[in-house]
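Asker: What follows is each chain in one-letter form.
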Amino acid sequence: MNRKVTVRKNLITRLQSVFFGFIILVSLNFLTFQSALGELKVDITRGTVKPLPIAVTNFIGKTQQEIELGQSISGIIRADLERSGLFQAIDNQAFIDVERTLDTVPQFKNWRILNAQALVQGHVTLISNNRMRAQFRLWDVFAQQQMIGQVYTTIGTNWRRISHIVADAIYKRVTGEEGYFDSRIVYIAETGSLMRRIKRLAIMDQDGENHHFLTDGSSLVLTPRFSPSRQEITYMSYHGKVPRVYIFNIDTGRQEVLGDFPGMTFAPRFSPDGNTVIMSMAKDGNTEIYTMDLRTRQAKRLTRHSAIDTSPHYSPNGKYIVFNSDRSGTQQIYTMNANGKKVKRISFGKGRYATPVWSPRGDLIAFTKMAGGKFYIGVMGNDGKGERLLADGFLVESPTWSPNGRVIMFFREIPKGKLGDKETKIYSIDLTGQNEREIVTPMEASDPAWSPLIP
Amino acid sequence: MRSSFLMSLVLHVTVVLLSVIGLPYLQRTPAKENMPMVVELVSIASETNLPAQPIREPESKIKQANPPLPIPAKSETKVVLKQKRPEPISKILPEPKPTVKRDLNPKPVAKPKRILKPVASKKLAKITPRRKPTPPDPFALVLKNLEKEIKTTQVAIKPKKKNKSKKSDFEQQIAKVLTRRPINESSSSRITMTEMHAMINTIRTAIMPCWNLQPGAKGAQNIVVIIGASLNPDGRVTRAWVKNRSVLIGDPFKIAAAEAAQRAILNQACQPFKLDPKKYDIWRDVTLNFNPSEMFGR
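Residue numbers (my numbering), protein chains in the order written: chain A, 1 to 455; chain B, 456 to 753.
Simulated from the structure, these hints should not be mistaken for laboratory data. Some hints could be false.
What the hints assert, rightly or not - Quick partial rundown of chain B residues pointing at chain A, CB under 7 Å, derived from the structure: (1) VAL470; (2) GLU650; (3) ALA711; (4) ASN746.
To be verified - Each computed DMTMM-like pair below joins lysine to aspartate or glutamate, with the alpha-carbon atoms no more than 20 Å apart: (5) A/LYS172 / B/ASP736; (6) B/LYS729 / A/GLU39; (7) B/LYS733 / A/GLU39; (8) A/LYS374 / B/GLU749; (9) B/LYS698 / A/ASP43; (10) B/LYS734 / A/GLU39; (11) B/LYS698 / A/GLU39; (12) A/LYS50 / B/GLU749; (13) A/LYS41 / B/ASP736; (14) A/LYS385 / B/ASP736; (15) A/LYS41 / B/GLU602; (16) A/LYS50 / A/GLU190; (17) A/LYS41 / B/ASP706.
Unchecked claim - Chain A side only, calculated, beta carbon under 8 Å to chain B, not exhaustive: (18) GLU39; (19) GLU177; (20) GLN434.
Just so you know, even glycine gets a beta-carbon here, dropped at the ideal spot from N, CA and C.
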């Protein structure tokens with residue numbers, strides 16, 4: 001009897017166990033799991049693209065003259081950084097307590113309140129013989145560390161350049177790429193009516209200051225390009241009866257025709273070492289690409305095709321050339337070796353492509369595209385892949401890269417009220433397609449060309 | 456009909472029997488009756504008494520209990536010391552070549568009109584967004600392409616794809632969590648899958664607005680930065696360091712990306728992380744994987 005009761009009890013217990021077992025299994029499946037971890041791992045796959053908040057304090061000085069100079073230098077640095085679109089300068093009025101010396105570590109908490117992620121402090125001293133010394137420190141506010149500190153000594157009139165050089169140093173330290181503020185722009189300044197247009201070669205700092213005309217407008221000039229190594233510009237001019245490629249020396253103001261070609265020469269560009277000019281020559285209805293060695297003045301033909309081959313441009317390493325040609329029926333972009341061999345088409349999108357320009361970084365090619373009755377400025381990889389259109393308009397043309405390959409400058413024609421009337425302006429755009437800005441010039445402007453960093 | 460019923464009954468009984476016999480006992484069988492044993496009750500000496508298992512308290516409580524070692528005060532004294540010894544100026548540049556020697560005033564100098572100061576360009580910068588009236592979506596692809604914009608106006612957007620990617624992201628996180636090896640078996644480290652996901656999500660959502668990318672940098676889409684961070688029980692980051700520095704060193708773009716990631720985790724504006732203090736053991740140390748490839752549409 002006792003045994004029977006025990007067996008029954010056992011059976012009931014077993015049934016209970018089975019039931020609860022199922023319940024626990026289901027609960028484990030759907031509700032809980034046990035995890036014992038050493039360290040939590042989090043994948044951050046998305047962020048924001050915002051300008052970095054930076055506080056640029058006025059460079060301190062002892063005398064009134066130094067204080068004013070310090071304010072001007074800081075103003076230029078702020079403007080340069082803001083124009084890049086990658087920095088947001090915090091208003092000086094918001095500063096809580098500005099350090100009076102460069103010899104102490106800043107009170108970071110005062111800058112954290114303003115959400116300043118970087119802090120620039122500087123000092124300017126006027127020394128004898130019209131010379132000046134400028135020093136600055138860049139601080140990482142969150143990490144509470146100095147990122148960079150430098151001193152520059154120069155003649156007093158160079159204060160604008162010093163400001164650009166400091167801005168370049170800050171830009172490089174924060175973004176990892178070379179700056180481009182200590183550079184210049186050469187462009188075609190346009191005046192007059194559509195029928196009597198005067199086009200002059202003009203030059204200015206990248207921020208629009210120090211503007212000068214290089215030619216008087218008696219001859220039409222087009223497509224100016226900077227030498228990467230010398231203070232020279234090459235361009236096409238209608239100086240004589242036949243349009244020809246010229247070289248202009250900025251230091252001496254001298255210009256000379258390049259080579260004695262039997263036909264019209266145009267679309268010139270320097271090689272990366274500055275020793276060669278590559279250009280197009282049109283003769284008997286055929287346009288081919290030629291190079292001219294500036295030391296020996298020897299010309300060399302690179303392309304041999306019945307189609308129009310033009311707008312050549314060297315890759316930064318000088319090994320390849322990108323150009324446009326209509327050999328496939330429509331205007332497309334091609335690459336070839338520097339000796340003219342291994343021609344390869346790289347653009348296959350809808351529409352026509354022109355004016356390819358290799359990025360100084362060597363990773364992208366900028367171009368002008370015509371499609372659907374509109375013009376575009378775009379970029380593509382060296383193999384033609386990853387095409388992106390950055391800017392558009394009734395007419396946008398002539399892209400040119402900043403020395404660091406980050407910004408593209410181009411010109412845009414905007415039709416005005418009357419038939420055929422138009423306005424021409426220069427614009428810059430970040431290669432991400434953001435931060436499009438007009439480059440303010442004293443008059444209408446076209447065909448910009450960005451210089452390398454000033455040596 | 457009848458046979459089917461019988462068959463079903465037999466099968467059901469078989470399944471139940473198999474379960475009863477086949478499955479192990481979850482409850483022990485009643486213990487066998489034992490012979491009574493005489494036990495002498497003696498008092499335990501205080502030396503032999505085992506101390507109670509120390510209960511791990513959050514770090515903040517410990518700090519409060521021991522005021523002589525407050526971490527913030529320590530770091531403050533460091534700052535004061537630093538102030539007395541500023542970092543030396545890293546580089547003294549040689550005199551830049553005097554550019555004034557260059558005569559930029561050739562013969563036909565026409566005095567240009569006064570150029571507008573950079574304020575004008577600021578104005579223009581404000582004007583440009585007219586073309587894109589909607590504010591930029593921080594989660595949109597970082598590289599603008601006009602062609603894509605044109606296409607999206609013509610073709611209806613397929614939200615399903617986005618959901619898929621989100622889902623796959625979630626699944627990846629869960630899969631990672633599930634495949635981790637257990638190390639610590641303390642009671643506070645027992646967390647549910649939902650809790651774990653919520654924890655990851657809280658940190659991720661908090662950091663995202665503070666992670667400022669440089670999409671225009673060369674190879675930006677391929678730069679992955681791993682940051683280690685220590686957190687206080689209040690959810691604030693006390694320390695952050697780059698874990699894969701050896702991979703990044705030598706490339707200024709990568710170093711800049713690493714510093715940007717470090718700034719994101721140190722940015723007080725995105726803290727404290729609202730995490731359960733009871734689970735502090737789990738999130739005291741965090742590893743953050745900053746991988747922007749998704750933002751480039753990869």
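Asker: Could you check the structure against the hints above and give me the numbers of any it violates, in ascending order?
Answerer: Structure breaks hints 1, 2, 5, 8, 14, 15, 16 and 17.
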